[in-house]
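Now for the letters of each chain:
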Amino acid sequence: MTRRSWIGWQFVAPFLAVFALVFLAPIAYSAYLSLYRTKLIGGTSFVGAQNYTKALHDPQFWSAVGRVSLFLIVQVPIMLLLALLIALAIDSGRLYGAAFFRISIFLPYAVPAVVATLMWGFMYGSQFGLIRNLNEWFGVTLPDPLAPNLVLAAIGNITTWEFVGYNMIILYAALRVVDPSLYEAAAIDGAGQFRIIRAIKLPALRGPLLITTMFSIIGSFQLFTEPVVLRTIAPNAILTYFTPNYYAWQLSVGGQQFNYSATVAVVMGLLTMLVAYLVQARAVRKAV
Amino acid sequence: MVAAPTIRPAARRRPRPAAVRIRGRKSWTLTVLTTVMLIYTMLPLAWLVISATKTQDGLLSSFGLWFDGDFALLDNIGRVFTYQDGIYLRWLGNTVFYVVIGAGGATLLSALAGYGLAKFEFRGRRAVFAVILGAVAVPPTALAVPTFLLFAKAGITDTVWAVIIPSLMIPFSLYLMWVFARDAVPDEILESARVDGAGEFRIFFNLAVPLLSPGLVTALLFNIVVTWNNLFLPLIMLKDRQLYPITLGIYTWNQQAQTVGGDVVFNLVITGSLLAIVPLIAAFLLLQRYWQSGLAVGSVKQ
Amino acid sequence: MRMTRRRALLGAAMSLTLLAAGCGSSDDGTDSTPAKTTVSDADVEAALQAGGNLTVWAWEPTLTKVVADFQIKYPKVKVNLIKNGSGNDQYTALQNAIKAGTGVPDVAQIEYYALSQFALSKAVTDLNTFGAKSLDGTFTPGPWSSVHAGDKIYGLPMDSGPMALFYNKEVFDKYGIAIPKTWEDYAAAAAKLHQANPKAWITSDSGDAGFTTSMIWQAGGRPYKVDGTTVSINFADPGTQKWTGLWQGLIDKKLLAPIPGWSDAWYKGLGDGTIASLVIGAWMPPNLESGVKAASGKWRVAPMPQWAAGEKVTSENGGSSLAVTEASQNKTLAYGFMKYATVAEGAQSRTDEGAFPATTAQINADAFKNKEFPYLGGQKANEVLAEAAANVAPGWSYLPFQVFANSVYNDSVGKAYTGGGTLQDGLKGWQDASTKYGQEQGFTIQ
Chain A
0 MTRRSWIGWQ FVAPFLAVFA LVFLAPIAYS AYLSLYRTKL IGGTSFVGAQ NYTKALHDPQ
60 FWSAVGRVSL FLIVQVPIML LLALLIALAI DSGRLYGAAF FRISIFLPYA VPAVVATLMW
120 GFMYGSQFGL IRNLNEWFGV TLPDPLAPNL VLAAIGNITT WEFVGYNMII LYAALRVVDP
180 SLYEAAAIDG AGQFRIIRAI KLPALRGPLL ITTMFSIIGS FQLFTEPVVL RTIAPNAILT
240 YFTPNYYAWQ LSVGGQQFNY SATVAVVMGL LTMLVAYLVQ ARAVRKAV
Chain B
0 MVAAPTIRPA ARRRPRPAAV RIRGRKSWTL TVLTTVMLIY TMLPLAWLVI SATKTQDGLL
60 SSFGLWFDGD FALLDNIGRV FTYQDGIYLR WLGNTVFYVV IGAGGATLLS ALAGYGLAKF
120 EFRGRRAVFA VILGAVAVPP TALAVPTFLL FAKAGITDTV WAVIIPSLMI PFSLYLMWVF
180 ARDAVPDEIL ESARVDGAGE FRIFFNLAVP LLSPGLVTAL LFNIVVTWNN LFLPLIMLKD
240 RQLYPITLGI YTWNQQAQTV GGDVVFNLVI TGSLLAIVPL IAAFLLLQRY WQSGLAVGSV
300 KQ
Chain C
0 MRMTRRRALL GAAMSLTLLA AGCGSSDDGT DSTPAKTTVS DADVEAALQA GGNLTVWAWE
60 PTLTKVVADF QIKYPKVKVN LIKNGSGNDQ YTALQNAIKA GTGVPDVAQI EYYALSQFAL
120 SKAVTDLNTF GAKSLDGTFT PGPWSSVHAG DKIYGLPMDS GPMALFYNKE VFDKYGIAIP
180 KTWEDYAAAA AKLHQANPKA WITSDSGDAG FTTSMIWQAG GRPYKVDGTT VSINFADPGT
240 QKWTGLWQGL IDKKLLAPIP GWSDAWYKGL GDGTIASLVI GAWMPPNLES GVKAASGKWR
300 VAPMPQWAAG EKVTSENGGS SLAVTEASQN KTLAYGFMKY ATVAEGAQSR TDEGAFPATT
360 AQINADAFKN KEFPYLGGQK ANEVLAEAAA NVAPGWSYLP FQVFANSVYN DSVGKAYTGG
420 GTLQDGLKGW QDASTKYGQE QGFTIQ
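Protein chains in written order, with numbering that gives the first Met the number 0: chain A, 0 to 287; chain B, 0 to 301; chain C, 0 to 445.
No lab work stands behind these hints, which were simulated from the structure alone. Note that the Cβ used here is the ideal one computed from N, Cα and C, for glycine as well. You may find that some hints are simply not true.
Unchecked claim - Derived DEER-like restraints, expressed as beta-carbon distance ranges:
1) A:SER103 with C:LYS253: 51 to 57 Å
2) C:ALA343 with B:VAL95: 53 to 59 Å
3) A:LEU270 with C:LYS370: 58 to 64 Å
As the list claims (entries may be wrong) - Facing chain B, according to a computed beta carbon distance under 8 Å, are these residues of chain A, among others:
4) ILE6
5) GLY7
6) LEU20
7) PHE22
8) TYR35
9) SER68
10) LEU69
11) PHE70
12) LEU71
13) TYR95
14) PRO111
15) PHE193
16) ILE217
17) ALA264
Stated by the list, open to error - Distance condition first, Cα-Cα at most 25 Å in a straight line; then the derived DSS-like pairs of lysine-lysine:
18) A:LYS38 with C:LYS121
19) B:LYS152 with A:LYS38
20) C:LYS252 with C:LYS198
21) C:LYS121 with A:LYS53
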């Protein structure tokens, strides 16, 4: 090993040490746990891959995966599209008070997910919340956002609210460093705003969009806090297997099925990696 | 970080001066459209502020987006700080402590590692990336119980370490610092310092850190948000209420209503939440200049 | 920091060893002979005088005063009372601590429905060792049988929740509704009220496992039969069907407020007349006083409606016990504390603070029965509640994995409240989920 190589490791080592403690050890431990089964009656025994076979045929697990997939397919594009449009609007230079918009739309990111969910939860209330106020004012009957068929959308709204500004800022920051001479050249060619967006801005955003997509995918697959907090007021809409993460949590805290819970965590990790890889591979192929 | 980075030549472009950007007419249509979005983001915050002025009774009996008859904000704030022997202040202090040590430590660790990954070609570098990326995909809440069992074996559950150690690890921060170190620290400066015989860590702290400072502020701010918002790990790790961070404390106040014999204090939950996000929002507003330029350099070089 | 950390490590190592040592003999819960009394009352008293440290996990608010008084009486005992969140949050913490083998408290508050689960996994200790059998007659029958598993005694009852009808008199009077004596009356009252005011409901329910089991209990259903590790689950029995028949009717006619219990809206609804009554445990008054201040003076208590006119059958709803953990290093001292808190001075102190007692002495005291509740318009509510306590139907048992079962209740039965099926279908789904879990955990399900 060369001297430079050794020094590189020294810089990375503290991070890796904590990483090993906080991420790798629990993952390794989960992988180990996933090979056993503990029963209330009968104790612990080695079961090999049985937990994995069970997970593959577990309708509750797959229903949870289906739900977050739907969430991913609908919520992530909407949120990123909104973030993109706002970033472009703010960057266009045609907005009054652009700096104010930029910081204000970003602010929800600073609100803890628990607080955000509590707030929206209060507002969603059709008995006493804003929904009731609206119903009474306009003499309508709005659908209850906490009904089983709408609750996923209600959660999607909360996460969009929390993260649209965050994604907007990342995209906007990328637009800020586009070389201004490109715009000047385009202007000389007589290109309009939309052409500039298509020819210059969007290509410049390819990398940041990929990053935000990746984080959003991981975030969707790990959806947890919002459903947990909302369950208090929507117990029949949010099932204990609402998202894979919730399911894993419920398995260990509600049912003491630590082994199977660990299995679900491992399978979900692999699935997330797979999806992230596929999206990235596709994006890179398109770019080539 | 997830993408195989298509590294462009490291043209270290400064963000354009604002003057160059102002061109063309302002558009009312665009402003109105963006205002719709603004209302959407501000509405819940407005609700929070308005609700914080209401009593427990007024909270549910009055229209959510307008003030109730009596203005109880000061009273609510007073009660938040005195309720249960003033434990809120203790929680706030804890959070600040966790944030300083946790987010500060996380920023330092990721700055070191990001710099190491960006500026040293070493064997195993790719493996480091692969492992970190893979691990990020595993949901941490699903790992909560295994983590608890491991920490219990180490005897650190129900201590401040159970909160601090996990918050030292924020992968997004590593990504940010890595990209930032790659672009903001010129190799030539490092080489000339080495020729002068400076040690690598001295070079890092004396030369690289000043260059990295916008990135450090950015990473620090984002890490503060992550640490500040930490809920479920403390929930499972801590028994001693005196160690709770603020979010967990507020969560328990909210849950109190579900407890037989528990006090119902939704007004304190709301006012407490408002007070808890004020410092974060203030930090973002005050440090705006730093983190926005930090992100500008950090995010673009894919 | 250094010191405490080392001690903690040592403690962890020790309890792991103990856990390992304990494993060999305690794998199955089929052994049914109760432990012999080996610790006398004199030993307990000696332990209290000798002193030591105790950790108690309990969320019951009245224990704060009990602990303070206890430490005055026994100055050498230091009690660390930890409120870990209520119910499930605490069970999770307890299960995690037991699994980790460290940080397990000496005494834990455990609700009756959850006790057999902890008993079965040997998390709590059989109190026959301390001669708990001699407390026969000290407690009211409902709670006392709830802490038994066969002849074994796994906890001392702390409070009790015989059910009664709490109603908003103002609303009842306004719409001319008489206090329902039977469930038939109750259903009629529900229809009458909602028709008179579409924004008011007789009660709220959006699916609650504890409520459902208590209602089935009163109706004579005994869906769970438990014999050691052999369990049967059957929600098709006549008692259950009696209840689902009534309740399905209320759901179908939209006569139940769709407001989840204990939510902000629920408290609000109890205050403004939206929710006109509650069938709930006798521990409710302090909750009304603190959470529904707006309705002070409006609420009253009446006996639980009956399935046949003239009957006087009730069931238990909630309530909890204190138990000594198997991992406790000082069980004798822990038992001494529990006895203080549940039988001796603590029982009186907690009753004075508003808890509903599980001890016959307190429940039969004149001062208790004659207590006037200003919140309840000066009513001597304890007369009604004490009678309810005396009339709890016998023979009920919970599953030895009721904590899990209750946690998934809304997954299947919740559909009945959102228009996706009937209660009876939902209960069948719940039965299936419980059966599946029981089988996976090694129970024999019949």
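Going down the list of hints, with the structure as the test:
1. Judged by the Cβ atoms, the range 51 to 57 Å given for SER103 (chain A) and LYS253 (chain C) is violated: they are separated by roughly 42 Å.
2. Separation of ALA343 (chain C) from VAL95 (chain B) is about 44 Å and departs from the stated range, judged on CB atoms against 53 to 59 Å.
3. Separated by about 60 Å at the C-beta atoms, LEU270 (chain A) and LYS370 (chain C) satisfy the suggested range of 58 to 64 Å.
4. For ILE6 (chain A), the suggested interface contact is upheld, since its CB lies about 5 Å from the closest CB of chain B, less than 8 Å.
5. Annotation: GLY7 (chain A) was flagged as interfacial toward chain B, and the flag holds, the nearest CB pair being 3 Å apart, inside 8 Å.
6. This hint holds: LEU20 (chain A) has a C-beta 6 Å from the nearest C-beta of chain B, less than the 8 Å allowed.
7. Taking 8 Å as the C-beta cut-off, the interface hint given for PHE22 (chain A) holds, the closest approach to chain B being about 4 Å.
8. At a threshold of 8 Å, the smallest CB-CB gap from TYR35 (chain A) to chain B is about 12 Å, leaving the interface hint violated.
9. Evaluation of the SER68 (chain A) hint against chain B yields a violated restraint, the C-beta minimum of about 15 Å exceeding 8 Å.
10. Look at LEU69 (chain A): its Cβ only gets to about 18 Å from chain B, farther than 8 Å, so that hint breaks.
11. Hint on PHE70 (chain A) is violated. Least Cβ distance to chain B is approximately 14 Å, over the 8 Å limit.
12. The beta carbon of LEU71 (chain A) comes no nearer than 14 Å to any beta carbon in chain B, farther than 8 Å, and the hint placing it at the interface is violated.
13. Restraint check, TYR95 (chain A) versus chain B: the minimum CB separation of about 5 Å is within 8 Å; hint holds.
14. With 8 Å as the threshold, the beta carbon of PRO111 (chain A) comes within range of chain B, its nearest partner Cβ sitting at about 4 Å, so the hint holds.
15. Against a cut-off of 8 Å between C-beta atoms, the interface hint on PHE193 (chain A) is violated, since the closest Cβ of chain B lies about 13 Å away.
16. With a cut of 8 Å, the hint placing ILE217 (chain A) at the interface with chain B holds, because the nearest CB-to-CB distance is about 6 Å.
17. For the restraint placing ALA264 (chain A) at the interface with chain B, the shortest Cβ-Cβ distance is roughly 3 Å, inside the 8 Å limit, so the hint holds.
18. Straight-line distance between C-alpha atoms of LYS38 (chain A) and LYS121 (chain C) comes to about 13 Å, which keeps the hinted pair within the 25 Å bound.
19. A distance of roughly 22 Å separates the Cα atoms of LYS152 (chain B) and LYS38 (chain A); the hinted pair therefore holds under the 25 Å criterion.
20. Using a Cα cut-off of 25 Å, the hinted pair LYS252 (chain C) and LYS198 (chain C) holds, with the two alpha carbons roughly 14 Å apart.
21. Distance hint between LYS121 (chain C) and LYS53 (chain A) is unfulfilled; the C-alpha atoms sit about 28 Å from each other, more than 25 Å.
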